[in-house]
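Enquirer: Grab the two chains, each in its own frame, and use the hints to assemble them into the complex.
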Amino acid sequence: MKLLHKTQQLFFRGVLPVFVAAGVVSFFTLRGVFDHETDEKLMGVQAEIESYVQANDTLPAFFQTVFDRWYAERMPNGSVKNTSGQTFSDTTLFNKFENEMEPFRQLRFPVMIRGQAWRVSVSTSTVEYHDVVLILAVLLTTVFALLLLVMLWVNRVVSRKVWQPFFETLEEMRRFRLADHAPLKLSPSSVEEIQELNTTLENLAHQVRQDYHTVKKFTENASHELQTPLAVIQSKVEILLQDETMSEMQAQQINIIGQSTQRMARLNRSLLLLSKIENHQFPAREAVALKPLLEKRLVWLEDFIAEKRLELQIELAEKTLETNLFLAETLVTNLLTNAVKHNISEGMLRVTLNECALIVENSAASPEGQVADLMARFARGNPHSEGVGLGLAMVLEICEQQGLGLEMGFENGVWSAAVFFKKSVF
Amino acid sequence: MKILLIEDEPELAASISDFLKAEGYLVEPASDFPTALEKAVVYQYDCLLVDINLPGGGTGLDVIRALKTLRPEAAVIIISARNALDDRIAGLDFGADDYLTKPFHLSELNARLKALLRRRHFGGSSDIVFHEIRVNPNHRSVYVKETLLDLTPKEYDLLLYFLANQHRVLRRESIAEHLLGDDADQMDDFNFIYSHIKNLRKKLVDLGCPDYVYAVYGIGYKFTDSK
Numbered sequence: 001m002k003l004l005h006k007t008q009q010l011f012f013r014g015v016l017p018v019f020v021a022a023g024v025v026s027f028f029t030l031r032g033v034f035d036h037e038t039d040e041k042l043m044g045v046q047a048e049i050e051s052y053v054q055a056n057d058t059l060p061a062f063f064q065t066v067f068d069r070w071y072a073e074r075m076p077n078g079s080v081k082n083t084s085g086q087t088f089s090d091t092t093l094f095n096k097f098e099n100e101m102e103p104f105r106q107l108r109f110p111v112m113i114r115g116q117a118w119r120v121s122v123s124t125s126t127v128e129y130h131d132v133v134l135i136l137a138v139l140l141t142t143v144f145a146l147l148l149l150v151m152l153w154v155n156r157v158v159s160r161k162v163w164q165p166f167f168e169t170l171e172e173m174r175r176f177r178l179a180d181h182a183p184l185k186l187s188p189s190s191v192e193e194i195q196e197l198n199t200t201l202e203n204l205a206h207q208v209r210q211d212y213h214t215v216k217k218f219t220e221n222a223s224h225e226l227q228t229p230l231a232v233i234q235s236k237v238e239i240l241l242q243d244e245t246m247s248e249m250q251a252q253q254i255n256i257i258g259q260s261t262q263r264m265a266r267l268n269r270s271l272l273l274l275s276k277i278e279n280h281q282f283p284a285r286e287a288v289a290l291k292p293l294l295e296k297r298l299v300w301l302e303d304f305i306a307e308k309r310l311e312l313q314i315e316l317a318e319k320t321l322e323t324n325l326f327l328a329e330t331l332v333t334n335l336l337t338n339a340v341k342h343n344i345s346e347g348m349l350r351v352t353l354n355e356c357a358l359i360v361e362n363s364a365a366s367p368e369g370q371v372a373d374l375m376a377r378f379a380r381g382n383p384h385s386e387g388v389g390l391g392l393a394m395v396l397e398i399c400e401q402q403g404l405g406l407e408m409g410f411e412n413g414v415w416s417a418a419v420f421f422k423k424s425v426f
Numbered sequence: 427m428k429i430l431l432i433e434d435e436p437e438l439a440a441s442i443s444d445f446l447k448a449e450g451y452l453v454e455p456a457s458d459f460p461t462a463l464e465k466a467v468v469y470q471y472d473c474l475l476v477d478i479n480l481p482g483g484g485t486g487l488d489v490i491r492a493l494k495t496l497r498p499e500a501a502v503i504i505i506s507a508r509n510a511l512d513d514r515i516a517g518l519d520f521g522a523d524d525y526l527t528k529p530f531h532l533s534e535l536n537a538r539l540k541a542l543l544r545r546r547h548f549g550g551s552s553d554i555v556f557h558e559i560r561v562n563p564n565h566r567s568v569y570v571k572e573t574l575l576d577l578t579p580k581e582y583d584l585l586l587y588f589l590a591n592q593h594r595v596l597r598r599e600s601i602a603e604h605l606l607g608d609d610a611d612q613m614d615d616f617n618f619i620y621s622h623i624k625n626l627r628k629k630l631v632d633l634g635c636p637d638y639v640y641a642v643y644g645i646g647y648k649f650t651d652s653k
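Line order of the protein sequences matches chains E and G.
Residues in the first sequence are numbered consecutively from 1, following the numbering used here.
Residues in the second sequence are numbered consecutively from 427, following the numbering used here.
So here's chain G without its partners, still in its complex pose (with noise of 0.2 Å):
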């Protein structure tokens, strides 16, 4: 999988780029607008990460409508530091398929990333399989051995981030945030999120699995099956 990363702060470019290179991404990098301009149009990539600011005379903006002019089935994800609404709507208008706000969590990134790619690649219909369970994003249902899992919204939810994030230590506020969405701002305790685990552990764990979730103290939770 080709990514284009267009991001003019180097350290953070240097992060994502070796996040999703961990994750078995070929990453591209451009760090201002005529670069990214010519290899968002010279080539081929499977997604493109789009920073809005960019030096060099244009903006995010400007790659996203001169790359969907000539391939709009292009998959785009905005990383922005503007969280202007009009710069959201503007964004998704030309075509953005997803916008982050800066400051994100890679985990998050590498989630929606996944996600967009599954329905670019697979329309969506392909399972996700880790072990014994097998999720179908298209009709949101688990199996475990092939047994139906019944799961709330959230708890689909964070079973997904877990299996897009897996041998990772994910942090409770990336957890939560992930669950919240966009608001999750307005709240500072997140405490909620340990029914929501402990209740998806049982479930796994009821219908035969072994407990793929770790405690990391204080930080957080891993999803693995080593160790």
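Excised from the complex, chain E in its bound form (with noise of 0.2 Å):
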């Protein structure tokens, strides 16, 4: 969820049962106000009406206008008591002048008249109160909505504004490259938290990248300190195999020493470009064209694809892409020379370059189906194959970087990796 709508949701939750609960509250007490009035209006009829009785011991005439109306009537002896006090009621009556059944309030109390119980009930219609609370309502309720939308629009606009050198600072971070050269630089901000943020983010730019310089500088140290003594072992190898006294038995010994030692020195060399390809060391970009590269690594398989008797299917056709050439050769090279490694004797080898996808299939024994192991270091499709099995992963890093596609599979005895150039194929 994006910081604006974040702070536009928390804003509408916080504010939004705070209007409603005043519009309750306001409703409800307008509501009390009204009753409250109309109560008092019924009670001084009802003293008005006492006193009549009171100065001429008998009631006063039957009354009915549009709103209020009183009448009385006799109570049965025996119920005198029960008549004592007053009750309110709301009911409904009906107005003959408006030819319809109306709300009304009711107030009901006894008198004595000359020993007789009566009981009265003077009644006042609520129709227009009930008109003005609608009215009421309605106009709070708009109001709250209007200012509700106008404090969001205005949030939004200050959210905006205060977050601005907050965005400027995450674009910044985005664009932000280890292998490049300027160090990180971030616009200042008046804003002191933010300003903070970016001193902070300065300093543990400024931390990792030269925490990244020391590791680099030590991997190629470490390459350093161990391809020598890899040399000096091999070296000593050659000579000791121009010993012409030597047993055949000892020559053997000290020649798997020399293939392991090579073993090792090409471990080395591999990890080391794939640490390289990882740390982003390759960022220069040019046009690239691939044809000429496939087709200079099938001329430079055409030794091991004559010794697998490997059948050809090639169909190229011209494709140039933005990218950077050493990176695109590495892809070239390993996807090419492990479809020949990993091929079976008299095996296939098809690859299809088109305005969209490189497509390397080759013929394969099962063990290669397994995609997700093939990718981790080391993995190794086939248990005797000497090879180092960081082919897949350097495959995998490089399509990462470079917003490649990468699809691989295993059917029907054929693996095929595909290379789409533009990851919203599929």
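Errors might be hidden in some of the hints.
[Said to hold, decoys possible] Stretches of chain G that chain E covers, calculated by requiring three or more beta carbons in the stretch to come under 8 Å of a beta carbon on chain E:
hint, stretch
1, 439-449
2, 453-460
3, 479-490
4, 595-603
5, 637-644
[Said to hold, decoys possible] Covered, in the sense of this in silico footprint (three residues per stretch, anywhere, with C-beta under 8 Å from a C-beta of chain G), are these stretches of chain E:
hint, stretch
6, 263-270
7, 410-416
[As the list claims (entries may be wrong)] With a straight-line cut-off of 20 Å between C-alpha atoms, the simulated PhoX-like cross-links for lysine-lysine are:
hint, chain 1, residue 1, chain 2, residue 2
8, G, K465, E, K296
9, G, K465, G, K447
10, G, K447, E, K236
11, E, K236, G, K648
For the record, the hints were derived by calculation from the structure and aren't laboratory data.
Given the structure is predicted, the values throughout are model-derived calculations rather than measurements.
A virtual CB, placed ideally from N, CA and C, is assigned to each residue, including glycine.
Expert: Now the structure itself:
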């Protein structure tokens, strides 16, 4: 969720209940006030009637207008006691002037006239104030809604303005590359917290860059440190092998030392290359023509293709890709050598290059079905192969970095790897 | 032929030195930057073998730069553990003629050194002769008893490699790496060299050449006229 949406949402969540509560409270308060007024009015009428009865010892004439009416009825003798006190009630009565039922508020109270108990009802129409309350409610709701919208808008504008430097910082961070030579430089902000964030990030970036260079230096030195003793071993092996007084068995043992040394050197080199790719050390980009790269590599592989008597199906269109030349070479080399290395005798090798993808397919024995396993470092398709198994890890890393899509699979004895030039293809 | 060997690892320097002495070179060692710089500038050598990382306040690249301003024609081969692309490019930009990444085969160094010296001293025009075999490196052509021998590029490279490393056991891996170049790392199965060797031997023998190629069981091959 975006920051702006989040603040909007929180704001909305905070303000809406307050508005609703305020609306409900005002509604009921208003209604209470109106009810109280009505009851006061009815009690006023009661007092008038009671004083009239006291003075004249008889009831005033029955009275009815659109809004008020009163009438009296005789009570049965025995119920005098029960009729003491007032009772208020809401009811609906027929308004003969309007010719419809309307809500009324009613007050009933007893009076004694010449020893006779009467119950008097005084009613007043509440239609008027019902209307008023309704209008008020609509008015309140509208005002609150408008207020809410305005506040949300203001909040949005303000947030956007306040967070602007933050977004700038974010964008800068996104563009930040460890391998770049320029240090991270963020534009200064007048907001204290943002400035603090920027300073912290700049320091962090500086620290990370320093560590990165240390590690880079370290890997290079490690490679140097490792390659030199390997070179010593290898040279000694070569010199020993020239010794004619050595037995055949001894020579073989020494040769094995040489082979292992070579494997170690190869592994070391591959690991270094992979870490370099992972460290984004090949940032340069140019238009790379893929067809010549593939053709060159296929020529290079011809001995291995001939030895396995592979059936070649090559279909290459002209295609240039905006990428790093070295990475493109590494990608092509790894895909093709893998397809040849893991091919079976008299198998098939199909290479297709078109506008949207490079597809390399080869016959293979089944263990290669495990795509994920193959991707892992050091994993090997064939336990007897001496290949280092870093090839596909490199392919994966290059595709990820260059924004290429990669799909691999094994079906009906055919292993296929497809590199899509636009990730959005699938 | 005088060679200046700039290498700080004593055991590696000893190996290279022994190997090159056996080939008939005079080898002068230098194990740190000041010695290397002094010798490179003061004396004349037919070729310099230069390691990039050196103790003593400078790199092999600095030595090459200093040397090349004095004697632009000097022959230089870089031997370095750093296979960083930029090092290689920088080295070749400074005028190094070749670049070998450690670890390398001494026989490979030998072949490259011979090719470089031939280019420098005879403009590549001198033929390589071994009994009835004559190779003209300029035209990449091979004659046996003055009959032109038709070889594939790989067979030609193989023959030249054998000729550069006569009487010496060449390991299969070393031959394969020589034929494949830098990318040999990519492959792990070097059986393909059998067929090239078989074809080369057949072509030579067909033209009346004795078979100079001996298989050394489990290890590799030897090209020699003795035995």
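Enquirer: Against this structure, judge whether each hint is valid.
Expert: Now for the hints, and whether the structure bears them out:
1. Coverage of the stretch 439-449 of chain G by chain E holds [criterion: at least 3 residues with CB-CB distance below 8 Å; count 4].
2. Counting residues of the stretch 453-460 of chain G whose beta carbon lies closer than 8 Å to any beta carbon of chain E gives 0, which falls short of the minimum of three for the stated coverage.
3. A stretch counts as covered by a chain when three or more of its residues have a beta carbon under 8 Å from one of that chain; for the stretch 479-490 of chain G and chain E the count is 1, and the coverage is violated.
4. Counting residues of the stretch 595-603 of chain G whose beta carbon lies closer than 8 Å to any beta carbon of chain E gives 4, which meets the minimum of three for the stated coverage.
5. For the stretch 637-644 of chain G, the assignment as covered by chain E holds, since 3 residues bring a beta-carbon within under 8 Å of that chain's beta-carbons and 3 suffice.
6. Figure legend: the stretch 263-270 of chain E, annotated as covered by chain G; annotation consistent (4 residues with Cβ-Cβ distances under 8 Å, at least 3 required).
7. Counting residues of the stretch 410-416 of chain E whose C-beta sits closer than 8 Å to any C-beta of chain G gives 0, which falls short of three, so the coverage hint is violated.
8. Only pairs whose Cα atoms come within 20 Å are accepted, and G/K465 paired with E/K296 is rejected, the gap being roughly 42 Å.
9. Taking the CA atoms of G/K465 and G/K447, the gap is near 19 Å; set against the 20 Å cutoff, the hint holds.
10. Taking the CA atoms of G/K447 and E/K236, the gap is about 15 Å. The hint holds against a cut of 20 Å.
11. Distance hint between E/K236 and G/K648 is fulfilled; the C-alpha atoms sit about 18 Å from each other, no more than 20 Å.
The structure fails hints 2, 3, 7 and 8 (numbered hints given earlier, in ascending order).
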